[in-house]
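Visitor: The residues making up each chain are set out below.
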Amino acid sequence: MSELARIVEALLFLSPDPVGVAELAEAAACEADEIAAALEELDRAYAPGERGLQLKRVAGGVALATDPVAEEAARRLLAKPRTPPLTPAQAETLAIVAYLQPVSRPEITRIRGVAADSATATLEERGLVEQAGRSQFGAVLYRTTDRFLTLFGLDSLDALPSVSEWDPSPEEEAELRERLLRAGEQRLGESASA
Amino acid sequence: MSELARIVEALLFLSPDPVGVAELAEAAACEADEIAAALEELDRAYAPGERGLQLKRVAGGVALATDPVAEEAARRLLAKPRTPPLTPAQAETLAIVAYLQPVSRPEITRIRGVAADSATATLEERGLVEQAGRSQFGAVLYRTTDRFLTLFGLDSLDALPSVSEWDPSPEEEAELRERLLRAGEQRLGESASA
Amino acid sequence: MSVASLELDLEVFSGPFDLLLTLVLREEVDLLEVPLAEIVVAYLDQLESRGELDLEVATEFLVLIAALLELKSRLMLPRDDDELPDFEPGEAAEELLARMLEARRYRRAADHLAARLAAEEGVRYRAAPLPPELRRARLADAGPVYDARRLGAALGGLLRVPPRPDLAHVTIPRVSTAARVAHLRALLRRGATTFDEAVRGADRVTVAVTLFALLELYKQGEATWTQPEPLGEITIAPAGRRAVARAVAS
Numbered sequence: 015m016s017e018l019a020r021i022v023e024a025l026l027f028l029s030p031d032p033v034g035v036a037e038l039a040e041a042a043a044c045e046a047d048e049i050a051a052a053l054e055e056l057d058r059a060y061a062p063g064e065r066g067l068q069l070k071r072v073a074g075g076v077a078l079a080t081d082p083v084a085e086e087a088a089r090r091l092l093a094k095p096r097t098p099p100l101t102p103a104q105a106e107t108l109a110i111v112a113y114l115q116p117v118s119r120p121e122i123t124r125i126r127g128v129a130a131d132s133a134t135a136t137l138e139e140r141g142l143v144e145q146a147g148r149s150q151f152g153a154v155l156y157r158t159t160d161r162f163l164t165l166f167g168l169d170s171l172d173a174l175p176s177v178s179e180w181d182p183s184p185e186e187e188a189e190l191r192e193r194l195l196r197a198g199e200q201r202l203g204e205s206a207s208a
Numbered sequence: 015m016s017e018l019a020r021i022v023e024a025l026l027f028l029s030p031d032p033v034g035v036a037e038l039a040e041a042a043a044c045e046a047d048e049i050a051a052a053l054e055e056l057d058r059a060y061a062p063g064e065r066g067l068q069l070k071r072v073a074g075g076v077a078l079a080t081d082p083v084a085e086e087a088a089r090r091l092l093a094k095p096r097t098p099p100l101t102p103a104q105a106e107t108l109a110i111v112a113y114l115q116p117v118s119r120p121e122i123t124r125i126r127g128v129a130a131d132s133a134t135a136t137l138e139e140r141g142l143v144e145q146a147g148r149s150q151f152g153a154v155l156y157r158t159t160d161r162f163l164t165l166f167g168l169d170s171l172d173a174l175p176s177v178s179e180w181d182p183s184p185e186e187e188a189e190l191r192e193r194l195l196r197a198g199e200q201r202l203g204e205s206a207s208a
Numbered sequence: 241m242s243v244a245s246l247e248l249d250l251e252v253f254s255g256p257f258d259l260l261l262t263l264v265l266r267e268e269v270d271l272l273e274v275p276l277a278e279i280v281v282a283y284l285d286q287l288e289s290r291g292e293l294d295l296e297v298a299t300e301f302l303v304l305i306a307a308l309l310e311l312k313s314r315l316m317l318p319r320d321d322d323e324l325p326d327f328e329p330g331e332a333a334e335e336l337l338a339r340m341l342e343a344r345r346y347r348r349a350a351d352h353l354a355a356r357l358a359a360e361e362g363v364r365y366r367a368a369p370l371p372p373e374l375r376r377a378r379l380a381d382a383g384p385v386y387d388a389r390r391l392g393a394a395l396g397g398l399l400r401v402p403p404r405p406d407l408a409h410v411t412i413p414r415v416s417t418a419a420r421v422a423h424l425r426a427l428l429r430r431g432a433t434t435f436d437e438a439v440r441g442a443d444r445v446t447v448a449v450t451l452f453a454l455l456e457l458y459k460q461g462e463a464t465w466t467q468p469e470p471l472g473e474i475t476i477a478p479a480g481r482r483a484v485a486r487a488v489a490s
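Residue numbers (the numbering used here), protein chains in the order written: chain A, 15 to 208; chain B, 15 to 208; chain C, 241 to 490.
Calculated directly from the structure, the hints in this document are not laboratory data.
All C-beta atoms, glycine included, are put in the ideal place defined by N, C-alpha and C.
Worth double-checking, as some hints may not be accurate.
With a straight-line cut-off of 30 Å between C-alpha atoms, the simulated DSSO-like cross-links for lysine-lysine are [to be verified]:
| hint | chain 1 | residue 1 | chain 2 | residue 2 |
| --- | --- | --- | --- | --- |
| 1 | A | K70 | B | K70 |
| 2 | A | K70 | A | K94 |
| 3 | B | K94 | A | K70 |
| 4 | B | K94 | B | K70 |
| 5 | A | K94 | B | K70 |
Now the stretches of chain B that chain C is said to cover, found in silico as 3 or more residues with beta-carbon under 8 Å [what the hints assert, rightly or not]:
| hint | stretch |
| --- | --- |
| 6 | 142–154 |
| 7 | 158–166 |
Computed far set for chain C versus chain B, every beta-carbon distance over 12 Å [what the hints assert, rightly or not]:
| hint | residue |
| --- | --- |
| 8 | E251 |
| 9 | R347 |
| 10 | A355 |
| 11 | R356 |
| 12 | E360 |
| 13 | Y365 |
| 14 | R366 |
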């Protein structure tokens with residue numbers, strides 16, 4: 015490979031965007047037709063099926079791009095889902111949605127005693143919860159997604175751990191939802207009178 | 015070129031950091047020794063002087079990088095130097111961190127005899143060193159980063175020469191001792207005789 | 241110029257720096273009596289008059305002065321004998337020497353690193369964003385990263401109601417602004433009055449709330465108040481048509 019072709023190859027490698035022939039000529043301090051010759055040389059080196067990369071002519075110039083042969087592997091290596099750790103507020107909100115779904119935002123707020131807007135928005139953006147219609151009072155209802163099940167390693171919602179292990183008063187008969195709401199209101203009542 | 019070598023080439027092109035053999039094997043769904051063979055194939059394709067790119071073993075992984083043949087053109091195209099050279103203070107601080115890591119700033123200061131705050135801050139900002147917890151006395155500890163290894167072309171810290179190689183020779187030591195003691199005594203003698 | 245020939249003119253010593261160093265190490269000059277700051281100042285003066293900075297010399301000076309500082313600070317702090325025995329003159333010199341050798345060692349390592357970086361000049365790595373199709377992860381590529389027990393624990397926390405704090409020891413005085421406004425109006429109906437009169441026998445909270453009430457009446461244009469001197473008596477008088485009208489109506 016000629017030195018100019020090597021230089022052009024390196025330039026295309028470094029540039030995140032397609033590079034025009036004129037730009038390449040200016041960078042390599044040579045004439046446009048010399049660049050054209052170097053590109054032909056590179057075309058031969060990057061003939062289809064030869065390499066893991068391809069030389070592409072696109073709007074605005076020339077670019078190196080990966081061959082589709084590597085797509086699956088690239089996905090496995092690089093397309094990692096963004097899964098930052100959950101904040102306590104997010105974990106509480108997600109737990110309420112997971113166990114009580116469908117559940118409305120006002121209800122989440124009543125149980126937590128503080129607004130859950132930002133936590134709900136983040137969970138929705140990360141694809142862990144989604145909207146599921148509206149309640150009879152017009153509030154948006156939320157439920158968990160398939161992505162939620164996958165990221166928590168659950169086969170189905172039935173596989174959620176029983177709350178009894180963390181339940182402060184497991185002997186109570188009342189339904190989980192009712193007890194959560196009652197506890198939330200008691201907390202709220204306290205902070206209001208304090 | 016084999017399909018696996020093509021896939022590995024594409025993965026190295028896409029990945030922003032050096033990739034380890036195990037990661038490559040997992041992405042390409044194959045065994046580590048198959049990756050090793052593919053890398054050998056790529057080594058031949060990227061033999062020195064063949065291409066505008068080279069295959070580098072850095073920071074415990076493999077990476078594609080440009081051949082210096084293209085540096086001048088790259089500087090013109092991207093309008094920025096690769097990485098600014100280090101000032102003597104930065105180089106000394108980096109050397110101390112590289113050899114003694116994890117090491118605290120007071121310790122660096124003690125060895126250099128002069129505060130290393132600004133040098134450490136610059137090295138941290140340039141991603142060459144990073145914080146690594148705190149010492150038992152609460153001082154922030156520093157260590158070098160993978161970026162340091164990559165930019166200095168090192169596969170691992172073991173690739174640095176042993177620190178004893180930098181020990182001053184016995185002659186130098188003797189000379190220093192001389193300067194510390196005899197010079198003064200000589201003057202003492204002079205002033206006594208004067 | 242070398243550090244050694246730095247001329248010093250201190251109270252305890254006059255002469256070149258290296259001579260001072262020797263005398264200190266031989267304990268002929270008490271380090272405790274040597275003002276190190278003045279040495280630094282002398283050095284800076286000399287630097288300035290020469291108008292140039294020799295890095296090699298500067299580093300050597302800094303290492304020496306830092307070592308002296310540490311030796312001096314150790315001398316100043318009383319220590320247990322078994323913890324850190326006093327320096328013999330020879331040991332102090334060895335310590336100083338070891339310090340300088342160590343600094344020199346890492347200066348060389350630094351030269352090596354700088355050379356390595358220079359040798360890698362022209363080796364550039366690619367820093368481009370991922371193609372769009374790789375930026376969004378597919379569900380099939382995801383694995384379990386969260387622990388479902390975290391959710392159970394979070395729900396358990398929400399079921400817990402903290403015990404109601406015992407407030408029996410706190411007495412909450414209840415004085416409302418409305419009540420104090422009514423009280424003031426009642427007084428003002430009989431004409432001008434004083435603040436002292438309005439809060440006679442009242443506790444501190446009531447006095448404060450009465451002041452708020454008075455501000456309220458002033459804002460409404462029902463009363464004016466004057467205080468001829470600081471801390472003097474505050475006279476409150478009914479004011480404005482509304483007050484007059486109210487007085488007439490009653």
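Visitor: Now look at each hint and say whether the structure bears it out.
Guide: Results for each hint:
no. : hint          : verdict
1   : A/K70 - B/K70 : 25 Å, holds
2   : A/K70 - A/K94 : 27 Å, holds
3   : B/K94 - A/K70 : 25 Å, holds
4   : B/K94 - B/K70 : 22 Å, holds
5   : A/K94 - B/K70 : 25 Å, holds
6   : 142–154       : violated (count 0)
7   : 158–166       : holds (count 3)
8   : E251          : 18 Å, holds
9   : R347          : 6 Å, violated
10  : A355          : 10 Å, violated
11  : R356          : 5 Å, violated
12  : E360          : 5 Å, violated
13  : Y365          : 5 Å, violated
14  : R366          : 7 Å, violated
In this structure, the hints that do not hold are numbers 6, 9, 10, 11, 12, 13 and 14, in rising order.
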